[in-house]
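Taken in order, these protein sequences are the chains called A and B. First residue of the first sequence: 9, per the numbering used here; consecutive thereafter. First residue of the second sequence: 647, per the numbering used here; consecutive thereafter.
Hints in this document: simulated from the structure, not taken from any laboratory. Each hint should be verified, as a subset may be incorrect.
To be verified - What follows is a list of derived Cβ distance ranges for each label pair: (1) B:H776 <-> A:L28: 38 to 44 Å; (2) B:T670 <-> A:S95: 40 to 46 Å; (3) A:W250 <-> B:A749: 34 to 40 Å; (4) B:L811 <-> A:S111: 26 to 32 Å; (5) B:D754 <-> A:T237: 56 to 62 Å; (6) A:A31 <-> B:S773: 46 to 52 Å; (7) B:K664 <-> A:L109: 44 to 50 Å; (8) A:T237 <-> B:A719: 55 to 61 Å; (9) A:A248 <-> B:L866: 55 to 61 Å; (10) A:P156 <-> B:R868: 44 to 50 Å; (11) B:P879 <-> A:G150: 55 to 61 Å; (12) B:G662 <-> A:S95: 25 to 31 Å; (13) A:A248 <-> B:A749: 54 to 60 Å.
Unchecked claim - A few chain B residues facing chain A, derived, Cβ under 7 Å: (14) V700; (15) F702; (16) T715; (17) P717; (18) N735; (19) I744; (20) D747.
Said to hold, decoys possible - If you want a taste of the chain A side facing chain B, the calculated C-beta under 10 Å gives, among others: (21) A108; (22) R164; (23) Q172; (24) L183.
Glycine included, every Cβ here is placed at the ideal spot set by N, Cα and C.
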Amino acid sequence: MTRALFNRDTAISAAFFLLLGLAWEYGVRWSGVQAYLLPPPSAILAELWQSRGPILAQSLVTLTEVFWGFIIAVVLGVPIAALIYFSRTAKRTVYPLFVALQSIPKIGLAPLIVVWFGYGLTSKLIMAFLFAFFPIIISTLGGLASTPAHLEEHFRALRATPLQTFWRLRLPAALPSFLDGCKVAMPLAVIGAVVGEFVGSNDGLGNLILTASGSGHTTLTFAALFAVTVLSLLLFYGVAYWERFIWWRAA
Amino acid sequence: MSAEISITGVGKAFDGRKVLEGVTADIHAAEFVSVLGPSGCGKSTLLRLIAGLVPFEEGAIQVNGEAVTGPSAAMGFVFQTSNLLPWLNVRDNLLLGINLDAASQRLDEAALAELIETLGLTGFEASYPHQLSGGMRHRVAIGQALARNPQILLMDEPFGALDALTRDRLNMELLRLWQRDRKTVVLVTHSISEAVLLSDRVLVMSERPGTIIEDVRIDLPRPRDPSVTREDPAFGDYVVRLSKLMGVA
């Protein structure tokens, strides 16, 4: 029953996107819009296949930047959130500092980051990190603060030490919110890396988009854009996958 | 017989508002004592003071001759909400208290199996709280307190949120457990019949600021059974008397 329903839903989605693609394809053909302005999907698919080598290679570059930027955002963000949560001093100093930093348009920072850290991987992973960092801090903080008061009292009655209360109660209680933060942060990290590549790099999908459009190769621009989208989706679902291990999110 | 829990002239205020005033009571070992009172009379607060969960300014509380300064392993607390950790299964929730407290005695597999059996949770060891009914969650919560084998069990309206039928069944099981283990129990409740059915003594509290206005000894024969005990004319007399004290009759 559920399987049949699933198939029907899938069929509806597939039919919708197929129709959308066909509308694009024939819209472009019949209206006579030039391919360098808007190529039809068939040309983009052909380009994807033809340039699969460079596209895959550049995707790998961008993936590496996003991966490290995101990992560093988590590794630094979670302890900093814990610090802000537990320390009044940190709440009055570190927290407003990060809120202020978050208010700086990070796209405007990109040229500076490239000047400071060069054209290589470092400046791009820093851009990815900057985009991903804040949602992770905010979601971890929210998760820690959402620990139910009655469970905290219960842990006191059980004579749990503050460390035990942190590891066994506050951290698991914060996980659902933390994971929601990761789901927001991951696509942002992709944007950060691509922006970094726009501003200064010799490779990556952002660089490919820039060079392709700069040389009037619109079809390749679209193909690279498509690759960025797929990369972002895959990374998002890679994070969402972990939700199944946090089944208490609704409890 | 010296008192196991001795409460002398205890007062407590929250934000300048008096919740408890001059509470004095002695609770002896192996006694089942209910604290009965209207909502907001401070009976739950009194239980938290005994448990060492909430500090107080006036008076003194001693457990086993020692002043209460904080939560103690001698006392197990069963809260109004079942308070299970959603990410732990039944078995790990039962063992939570033991696992958190390095000083508490371990529970061997046989004893754990017996506890699970007594609670009627056999076959549910690996289930998670969201897979259990409300009544079962409360049984796990009681089991968690019992697993540490505390000398005193403090219960704060443990069945308050349950339907009448489930509540009756859990009361019966609680009675059976108590008749077997003879722990000291302090039960906070607003149900008059529950208090009469279970207790040796009922401490009746006034409206806020709460104080104990009557200490009623329940001389009904034990072992008690809800279906038999409720037929006893004396049961009805106690219910009427306590209702009058509570101002509801």
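Status of the hints after comparison with the structure:
Between H776 of chain B and L28 of chain A the Cβ separation comes to about 40 Å, which falls inside the hinted range of 38 to 44 Å. At about 42 Å, the CB distance of T670 of chain B to S95 of chain A agrees with the hint of 40 to 46 Å. The hinted range of 34 to 40 Å is satisfied by W250 of chain A and A749 of chain B, whose Cβ atoms lie roughly 36 Å apart. Range check, L811 of chain B to S111 of chain A: Cβ separation about 57 Å, and the 26 to 32 Å hint is violated.
Under the hint 56 to 62 Å, the C-beta atoms of D754 of chain B and T237 of chain A, about 57 Å apart, fit the expected range. Checking the proposed 46 to 52 Å range against A31 of chain A and S773 of chain B shows it holds: the Cβ atoms sit about 51 Å from each other. Taking the beta carbon of each, K664 of chain B and L109 of chain A are about 48 Å apart, inside 44 to 50 Å as hinted. For T237 of chain A and A719 of chain B, the hinted distance range of 55 to 61 Å is satisfied, since their beta carbons lie about 58 Å from each other.
For A248 of chain A paired with L866 of chain B, a C-beta distance near 59 Å keeps the hint of 55 to 61 Å intact. Remark: the range hint 44 to 50 Å for P156 of chain A to R868 of chain B is contradicted by a beta-carbon distance near 38 Å. In this structure the hint that P879 of chain B and G150 of chain A lie 55 to 61 Å apart at CB holds, the actual value being about 58 Å. For G662 of chain B paired with S95 of chain A, a C-beta distance near 30 Å keeps the hint of 25 to 31 Å intact.
For A248 of chain A and A749 of chain B, the hinted distance range of 54 to 60 Å is not satisfied, since their beta carbons lie about 42 Å from each other. Contact between V700 of chain B and chain A, as hinted, is not supported at the beta carbon level, the nearest pair being about 9 Å apart and thus beyond 7 Å. A distance limit of 7 Å between C-beta atoms decides the matter here; for F702 of chain B the minimum to chain A is near 16 Å, and the interface restraint is violated. Because the smallest distance between the Cβ of T715 of chain B and any Cβ of chain A comes to about 12 Å, over 7 Å, the interface hint for this residue is violated.
Proximity of P717 of chain B to chain A holds as hinted, the smallest CB-CB distance being about 5 Å (cut-off 7 Å). For the restraint placing N735 of chain B at the interface with chain A, the shortest Cβ-Cβ distance is roughly 11 Å, beyond the 7 Å limit, so the hint is violated. At its closest, the beta carbon of I744 of chain B sits 9 Å from a beta carbon of chain A; the interface hint therefore is violated under the 7 Å criterion. Hint status for D747 of chain B: holds, given a least beta-carbon distance of 5 Å to chain A, under 7 Å.
For A108 of chain A, the interface hint is violated, since its Cβ never comes within 10 Å of a Cβ in chain B; the closest pair sits about 35 Å apart. Taking 10 Å as the C-beta contact cut-off toward chain B, the hint placing R164 of chain A at the interface holds, the least distance being around 6 Å. Checking Q172 of chain A against chain B: minimum C-beta separation of about 6 Å stays under 10 Å; hint holds. With its C-beta approaching chain B no nearer than about 8 Å, L183 of chain A sits inside the 10 Å limit, and its interface hint holds.
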